[in-house]
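Following the hints, put chain B in place on chain A, whose structure we already have.
Quick note, the sequences are listed as chains A and B, same order. Anchor point for the first sequence: position 18 equals 21 in our numbering, and the numbering is continuous, going up by one each time. Anchor point for the second sequence: position 67 equals 70 in our numbering, and the numbering is continuous, going up by one each time.
There are no misleading hints in this set.
Some chain B residues close to chain A (C-beta under 10 Å, calculated; not the full set):
no., residue
1, PHE17
2, LEU72
3, LEU74
4, ALA80
5, ILE85
6, ILE92
7, LEU95
8, GLU98
9, ASN99
10, GLY108
11, LEU109
12, LYS111
13, ILE112
14, ILE115
15, ILE119
16, ASN120
No lab work stands behind these hints: they were computed from the structure. We treat Cβ as the ideally placed atom computed from N, Cα and C, and that holds for glycine.
Number of protein chains: 2
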Amino acid sequence: MFQKMIEINMLYDFYGQLLTARQKEILKLYYEDNFSVSEIAEAFSISRQAVHDTIKKAEKALREYESKLGLVQKFEATEEVIAAIDLEINRLIKENSQNERLKEGLQKIKSIIDQINE
Amino acid sequence: MFQKMIEINMLYDFYGQLLTARQKEILKLYYEDNFSVSEIAEAFSISRQAVHDTIKKAEKALREYESKLGLVQKFEATEEVIAAIDLEINRLIKENSQNERLKEGLQKIKSIIDQINE
Chain A
4 MFQKMIEINM LYDFYGQLLT ARQKEILKLY YEDNFSVSEI AEAFSISRQA VHDTIKKAEK
64 ALREYESKLG LVQKFEATEE VIAAIDLEIN RLIKENSQNE RLKEGLQKIK SIIDQINE
Chain B
4 MFQKMIEINM LYDFYGQLLT ARQKEILKLY YEDNFSVSEI AEAFSISRQA VHDTIKKAEK
64 ALREYESKLG LVQKFEATEE VIAAIDLEIN RLIKENSQNE RLKEGLQKIK SIIDQINE
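Next comes chain A alone, as it looks inside the complex (with noise of 0.2 Å):
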């Protein structure tokens, strides 16, 4: 169930435009808001088997997404190519550590680099 929520919460992330305002808000509440099932129908006037399915969609849609955008995968790939850039940076201080204009520049490339993927 956690892994699932994680899951959920990312693909929410990046697709969650392209839901219906109903999809979102519901899924809202389910995931992030851990609203159960009942408590959501009971909000909504409808029936326990009608959020169930609107839940079910929603998450279709979103891996339907994924499946064809792979956002969350590209989001990953490159969190793996600014881990490798900030190591390398940091060896690179590490064994410049007496060159302060270069530890600058390195720090730079560093600020620079935090700017993707936010």
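Below, chain B without anything else, positioned relative to chain A:
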């Protein structure tokens, strides 16, 4: 017209997978293979109006995806970040041209960063 072609091509690269098979096919013929509306109408045995409508609807869908997900905008922002880092690395290489080990490390960073936005 040329500007629009570039715009649609870019949007198609990012969101083409979200279009229907028919929309993809017609948009590709029109924007990539430079077929005329009449030629496409003939090839599919549909009216020129139907081709026109399909193109308009697909363009609208692509623009809506961009307004919701902003992938083209993010791609361009990342390109700028990468260019800024490249510039900084080139400067550091130039300033430390005697330090072979450092140069090697900086080149390595450049090659790693090129994996982003590919």
